[in-house]
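Protein chains in written order, with the working numbering: chain D, 7 to 209; chain L, 19 to 348.
Just so you know, the hints here were simulated from the structure itself, not pulled from any lab data.
None of the values given here were measured: they were computed from a predicted structure.
Careful, some of the hints might be misleading.
Unchecked claim - Beyond 10 Å from chain L on every Cβ pair, some chain D residues (computed):
id, residue
1, Thr58
2, Ser60
3, Gly63
4, Leu68
5, Arg109
6, Ser119
7, Leu131
8, His147
9, Asp148
10, Ala190
Stated by the list, open to error - One side of the interface only, derived from the structure: several residues of chain D facing chain L at Cβ under 10 Å:
id, residue
11, Pro53
12, His95
13, Gln97
14, Leu137
15, Ser162
Claimed, not checked - If you anchor each label on the Cβ, the simulated ranges turn out as follows:
id, chain 1, residue 1, chain 2, residue 2, range
16, D, Gly136, L, Arg165, 48 to 58 Å
17, L, Asn152, D, Gly136, 49 to 59 Å
18, L, Leu346, D, Thr174, 14 to 24 Å
19, D, Asp56, L, Asp29, 18 to 28 Å
20, D, Gly153, L, Ser255, 19 to 29 Å
21, D, Ala204, L, Asn152, 47 to 57 Å
22, L, Ala72, D, Ala204, 31 to 41 Å
23, D, Ala209, L, Ala72, 28 to 38 Å
24, D, Ala190, L, Arg203, 50 to 60 Å
25, D, Ala190, L, Arg104, 34 to 44 Å
26, L, Glu305, D, Gly63, 56 to 66 Å
27, L, Arg104, D, Gly135, 21 to 31 Å
28, L, Ala72, D, Pro193, 30 to 40 Å
Don't be surprised by glycine CBs; every beta carbon is placed ideally from N, CA and C.
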Amino acid sequence: MARDTGPGRGPSRRGLLTGATGAAALPLVAAGARKPEPRHAPPEGSPHMDITLSVNGRDHRLSLDPRTTLLDALRERLDLTGSKKGCDHGQCGACTVHLDGRRVLACLTLAASVQGRQVTTIEGLARDGGLHPMQAAFIEHDAFQCGYCTPGQIMSAVACVQEGHARTDAAIGEYMSGNLCRCAAYPKIVAAVRDAAARMERA
Amino acid sequence: MRPFRYEHAADRAQALTFAGAADSQYLAGGTTLIDLMKLDVIRPGTLVDINALAREHGEIAVEGDHLRLGALVRMADAAEHPAVRRDFPVIAQSLELAASPQIRNMASLGGNVLQRTRCTYFRDTSWAACNKRNPGSGCAALAGVNRKLAVLGVSDRCIANYPGDFAVALAALGATVDVEGPAGRRVIAFEDLHRLPGDTPHIETSLKPGELITGFSIPSGPWTRRSLFLKIRDRQSYEFALASAAVALDLEGGTVRAARIGLGGVAAKPWRAHDAEAGLQGRRLDEAAARSAAEAAFAGARAHGQNAFRIELGKRTVVRALLEAGRLEA
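Please take these sequences and the hints and turn them into a complete structure.
Structure (C-alpha cells):
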C-alpha cells in the first residue's frame, strides 16, 4: 500500500509542463520570483480523515479534508491528472471516471464517500501495454482538437458501449450528451465510439 | 466550500442519529448538494452519508398493484428496469430524459425529487435579493432574467421553478412518499411533499428536520401503461425542461375514462393539473378536448415578462402529450 504517492513512473507530463512554463517565464519574473506554495498543503478548517482510495487496482492511504472531491484527490494527491477539471459543477463531463465500473462525475463525488469502491481513471484503461480500443479509435478518427475533454469522453464512451447504448449514432449522441466538447469534434467522436463499439464487441 | 463534519451512516438508525446534529444534510449522490455547497448556497455543518442505506432502501419491486422504489435506487437503474419500462413508461421516460448518464448513475431517487431550483438568483450568491436563499431579501427574478422560471404556483415573493422530471411523473400518478424521522415513520402524498412558495419560499418541502425519504409507492391503474413523458427544452439532451408533461390515460374506444396530467418546468413545484384531468373525463380525446384541457391547466398562470411564452408553450406541450398518449398501443 502506497502512502501519499503518485504512480511513480518518473516525471509526469504535468510536472514537465509546469517546469517548462516556469523556465520560459523566468527572465520576465526573476526579480519578483517567489517560492511557490507547497502544492500538497491541506486546506484549513475540517478535521482530516484517514481514508483508503482504490484507484486503477492500487490502494492509496490518504489523510484528507472531507471537502476533497474525488477529482481533487486524483489530481492533486495521486498525480493522476488525466481526469480533467472543466466546470467543476457536473455540467461538462471532463472529470468522468468509473466507480465500480459505472461512469460518474468525480467533481461531484466526495473522496471520502468512495472508500471500499473501485475507481478507474483514464490512466487505468490501457491493458498489457496497449491502448484500449476506445483510445485507439479516438486517435484513428482524430476525435478531438484541443484534447481537454478527451479523457472524460473516452471514459464515458467505454461505459456507453458496455451499457449497450452505442448501437446507433442517435443512441451514441443521446448517451454521450453528458460530455461537452467545446471544439465541437462531435461527428468524429460519434465515429470513434461506433468503431470502438464494434471492436469491443468482437473482443 | 465551507468546512463540515462528515459522518458515514452504516444504517438508517445511525443516519437518523447523525442527522440530529445542527445544520445536518443527508448526502446520497451529491449531484445537487456538492454543487450547491461549492457555490456556497448550502452550508451544512454535518454531512450524513447515507449511501450504505442502499442495502435497506435500494429495491425496485412490484407489490400487488403498487410499484415500490427505494429512495437509494439510482435514476439509471429505475429507468432501465424492465417492469418500470413496461408498466410505467412515464416514469422510465421521465428518468431517462433527465440529466446525463453520469448523473443518472449517481443521483438517488430520494435526492432527485429534492433537487433545488436552477433560478440564477438562487444559485449565484452575488445577488443579494433571493427570498429562497436569504428570506426577506426580495426577489431579483421578478423583473430580471426569468425566461426559464415558473408561471404556475408562483407568488410575489418567488417565481423559481421546480426543475425536475421524475417528480412530475410521481405527482401525475398520485404517488406517496415514505418518510422516517426522529418521531417515527409517516407516509406523505407526493403532491404534499413540495410546498408552494407563498410568503415563505425558503421552506420548500413538508419534511421536518432530520426526516429522511426512504421510498416511493406508485399505484398502478388502467392508465399507467398508456403513459408518456414529453419534455420540451432548448437543446435535445442534457437540459432542463422549458415545459414538460407527464400524461397517463385510461381510454375506452376514443373516450377518456380517466386522465392523469403532471406539468414540469413551468411550475413552482411538481404540478398536477387536476382541473384539466376532470375536464377530460367522459370526453372524446381529440384536439379540441386536448386544447381545452391545456387551457384549464394554465388558467391560473402568471407571467413576468421573459417567461410569458412558456404559457403557450406549456399548453401546446399538454396538447401534444395527450394526443400522443391517445395513439399509444396499450
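Against the structure, the hints come out as follows:
1. Thr58: Non-interface label on Thr58 (chain D) holds, nearest chain L Cβ at 13 Å vs cutoff 10 Å.
2. Ser60: 16 Å, holds
3. Gly63: Nearest chain L Cβ is 21 Å from Gly63 (chain D), so the label holds.
4. Leu68: 14 Å, holds
5. Arg109: Not fine: 5 Å to the nearest Cβ puts Arg109 (chain D) too close to chain L.
6. Ser119: 5 Å, violated
7. Leu131: 16 Å, holds
8. His147: 21 Å, holds
9. Asp148: 24 Å, holds
10. Ala190: 13 Å, holds
11. Pro53: 7 Å, holds
12. His95: Since chain L brings a Cβ to about 5 Å from His95 (chain D), closer than 10 Å, the hint holds.
13. Gln97: 9 Å, holds
14. Leu137: Nearest chain L Cβ about 23 Å off; hint violated.
15. Ser162: This interface hint holds because 7 Å falls under the 10 Å limit.
16. D:Gly136 <-> L:Arg165: 48 to 58 Å: 50 Å, holds
17. L:Asn152 <-> D:Gly136: 49 to 59 Å: 56 Å, holds
18. L:Leu346 <-> D:Thr174: 14 to 24 Å: 22 Å, holds
19. D:Asp56 <-> L:Asp29: 18 to 28 Å: 22 Å, holds
20. D:Gly153 <-> L:Ser255: 19 to 29 Å: 23 Å, holds
21. D:Ala204 <-> L:Asn152: 47 to 57 Å: 54 Å, holds
22. L:Ala72 <-> D:Ala204: 31 to 41 Å: 35 Å, holds
23. D:Ala209 <-> L:Ala72: 28 to 38 Å: For Ala72 (chain L) against Ala209 (chain D), whose Cβ atoms are near 32 Å apart, the range 28 to 38 Å holds.
24. D:Ala190 <-> L:Arg203: 50 to 60 Å: Since Ala190 (chain D) and Arg203 (chain L) have Cβ atoms about 51 Å apart, the given range 50 to 60 Å holds.
25. D:Ala190 <-> L:Arg104: 34 to 44 Å: The hinted range 34 to 44 Å holds for Ala190 (chain D) and Arg104 (chain L), with Cβ atoms some 38 Å apart.
26. L:Glu305 <-> D:Gly63: 56 to 66 Å: 60 Å, holds
27. L:Arg104 <-> D:Gly135: 21 to 31 Å: 46 Å, violated
28. L:Ala72 <-> D:Pro193: 30 to 40 Å: 39 Å, holds
Going through the hint list in order, the structure does not satisfy hints 5, 6, 14, 27.
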